[in-house]
Amino acid sequence: MTRFALASLYGPLLWAAQFLLVYASESLACKFLGADAHRVLVLTASLAAALAVTILLLRQWRGDMHGTAASLGVGLAGLALVAIIWTALPALILPSCAAPT
Amino acid sequence: MSQAPATEAGAGIPPPHYDRPRPPQELVGLEEVWRLPKGWRVLSAINNSVVGYLYIGAAFLFFLLAGILGLLIRTQLAVPGNGFLSQDTYNQIFTMHGTVMMFLFAVPAVEALGVLLLPQMLGARDLPFPRLGAFAFWAYFVGGLVFFATLFFDLAPSGGWFMYPPLTGTAFSPGMGADFWLLGIGFIEISAIAGAIEIIVGVLRTRAPGMTLDRMPIFAWTMLVFAAMIVFAFPAVILATMMLEVERAFGWPFFITAKGGDPLLWQHLFWFFGHPEVYIIFLPAAGMVSMIVPAMAQTELVGHRLIVVALIATGFFSFGLWVHHMFTTGIPMVSLGFFSAASMAVAVPSGIQMFAWIGTIAAGRLRFATPSLFVLGFIAIFTIGGLSGVMVAMVPFDWQVHDTYFVVAHFHYVLVGGMVFPLFAAFYYWAPAFSSRPLSERLGRWVFVLMFLGFNLAFFPLHIAGLLGMPRRVYTYPDGLGWEPYNLASSAGAYVFAAGILLFVLDLFRNLRPGGPPAGNVWQAGTLEWLPTGNYSVRSVPHVEGRYPLWDRPDLPREVVEGAHYLPRSATGVRETIVTSAVEGEAQFLMRLPAPGWSHVVAAIAMAAFFLLLVAKAVTLALVCGVLSIAAMVAWMWRSDPPDAGAVEVAPGVIVPTYVSGPASPAWWAMVVLMLVAAALYLSYVFSYLFLWTVSPQVWPPLSRLPDAAWTWAAFGCLSASALALAAGDRVLRRAGPPILLAALVTFGLLALVGAIALDVRAMSAAGIAPTRDAFGAVTFMAPLLQGQVTAAVVVIGLFALARLAAGRLTAERRVVFDTLRLLWLYALGQGALGLALTHGFPHLAGAGG
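Chains W and V, in that order, give the protein sequences.
Per my numbering, the first sequence runs over residues 1 to 101.
Per my numbering, the second sequence runs over residues 1 to 850.
If you are wondering where the hints come from, they were derived from the structure by calculation, not from laboratory data.
Here the structure is a predicted model, which means the values were calculated and not measured.
The beta carbon of each residue, even a glycine, is placed where N, CA and C say it ideally should be.
There could be a bad hint or two in this list.
[As the list claims (entries may be wrong)] Reference listing, derived: stretches of chain V covered by chain W, where coverage requires no fewer than 3 residues with Cβ under 8 Å from a Cβ of chain W: (1) 210 to 224; (2) 825 to 834.
[Claimed, not checked] Where chain W lies over chain V, by a calculated footprint (3+ residues, C-beta under 8 Å): (3) 295 to 308; (4) 327 to 336.
Using the sequences and the accompanying hints, generate a full structural model.
Shown next as structure tokens:
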């Protein structure tokens, strides 16, 4: 039962993983690989995270899981999806590896 | 449900329940075991009702003290060129105002409300570790008072509440002020963590039978998220304070640029704590609002589950915001974008809560009593603060207003609106649950009007002063910049606000009467904290079947008082509370609780003295106090873990054990939470190591100057030997093998654990690496320092376990002490291995790559 309760946290955990990866990778990717590599990394990671959360959302929505944990999971996965897409947007709009001007 | 319903009023009590009347000696027995110490000895009490009361009183005292500092600030700034305070005094005062409000008022105040309210709200007799809670209170109170008193001796810190180096390094802050901040606040954070562990285990394991997570009141949810956030956020700033203090005391250059350090590391670590801190303060306040609104509107909370979703989401997102305090530090643009996006995303869950409260008010009929007024004031002020928050989440706008009074206005709207107004709503709302007289409605309205008008007059004009360019932290400003009217209005507003607080204090003196039978459920609320209570909390613990048990069963208070429900007596003759499963709330175990005593008070005061004497460089005396503190803790823990008293009945047909070990035991849960704290601290360290490397790879040595691998493998060998000894010891204990063999294995294992640290330090020193030479040396030697800290804890608990083994108090069945030791030991092994891999392995990668 505790395992199921924890499962409702997968959505925000995926967001946290994506966020950590895209942020922490900037200084390293810019140092060793260049701006394009960072942009590719951010978009790939974000797409993967968004896909994973969508699958999670659908599974919980369809009722593969039950009860409180599932309904919390749906809400949390939905909010996480919004946050994942939102987090990815700067990489589409702004140049990577550039200092603010 | 639209009105408080009177359905099923005549229905019988669902099983399991006891027949009434109950034998009178049951109540006598309950009162006897829960009796409070008399007179001044009440200070040795550990009942949550007493500790919670003292805790709130102390937090409110610090609110008044820091509020007076705020008034001094506004007096100084009322007119241009004012000579009321000198620059240095002003710097100390604004630093202490922020520090005391954040660390000594806001977090302790909500933790205090948790201690006071949670057990009653969850249907527990007390929190699971009452002495730990009392210890946390005393540590905070004594440490906080001494810390505040530094102001009177011109010894207070003056580097701002976020203590940025290099300003707070020895070069620019040579006095003791910064050390008082670092050691004093670091120590008080330890007390906050102790409280958080207590709250997590309390919320998850001591709910009334039947109270599933879904039926748990929102305030308990917010306290759970609050405590979990403390577990992950506070370690970052504890590490930062340790590093800055070690830099100041011993010259390890973590933040000194010339030696490869970086002051930005402090900002990252500080704000990784500091931003979640805002939500750590706000979420419990939101939880109070979620309790007050349904009661005042006499209808169930709209969107209960959505609010839970919003709370958890806020808890997560708030960890992705810290860089928005650092938008002007030259971080790459895309990274700023990530944090800007997350800062806007966090507004979504806050919006969900806001609409849920408005929806609840719309669905019911709001009673316009004082708590409702404060809730409405909160909604108005916090919304303005939230909107100016979205403004400063925009990077270009933030560049304009960074370090101006716009930001000051913004965060006062968020913090006063988001925390102080709900807290006052809570004072007026919950006073009748603890005082024989409610607070005055007539005075309360005046308190609200003065506070609301005063606050807006004090802080709204500061937005404009900030937009006009007035910088923060200036002790005065010249005439003719156009800032004068806003500052004068703001200062006037501050005094109006203070008049409201003064009136509230008057109301407290006139009407607050703790100790007697409480005034009771004057708001017709639906949750368990409104059940009639005695010093034993509730007479019997009801089986919970909904989110508003008092609305579902109007007869419940009478049934509870008559002893019809769970545990209408002390089953084992000592204090006890029912432990339930974390998710479903099924009764699992009867936990026996400790009795009042002085050892935790001695431990807390001695520990505060240890830290504060260190600042004064009275090392010998500090060590004496440190040893005294540990001795008091050992004395306190010696009577813990009582032997099995057999299975007992807590309700007809419900028989539970009185002794459990392993994952069923609350001690196991507490140790797991403590391991999470330690892991969060260590991950902050790993981040610091890698961060300094990205900033200053030039101070990382070439391959030829790295330590000899033989030492590294020897250290790993020590860790492995220690692990084997632990595993063998566990086996011996489980099979009830010879105690002498167990003692030998534990002793050998502990020695090996210490040996690994010695080998690590030896290896580094032999390679000519020194902690004072550069940032690489400093951050490398931080690993054995942190490992030493955990190892010291393992050794103390290990020796304790050996003593209990010798006394026959540690056996194959009675093994909670060993389980606890084993968990922390395993953690120490993992941390040690990770540290060796990082500090011995990573330089090879770095050296080969760069």
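Evaluated hints:
no. : hint       : verdict
1   : 210 to 224 : holds (count 3)
2   : 825 to 834 : violated (count 0)
3   : 295 to 308 : holds (count 3)
4   : 327 to 336 : holds (count 7)
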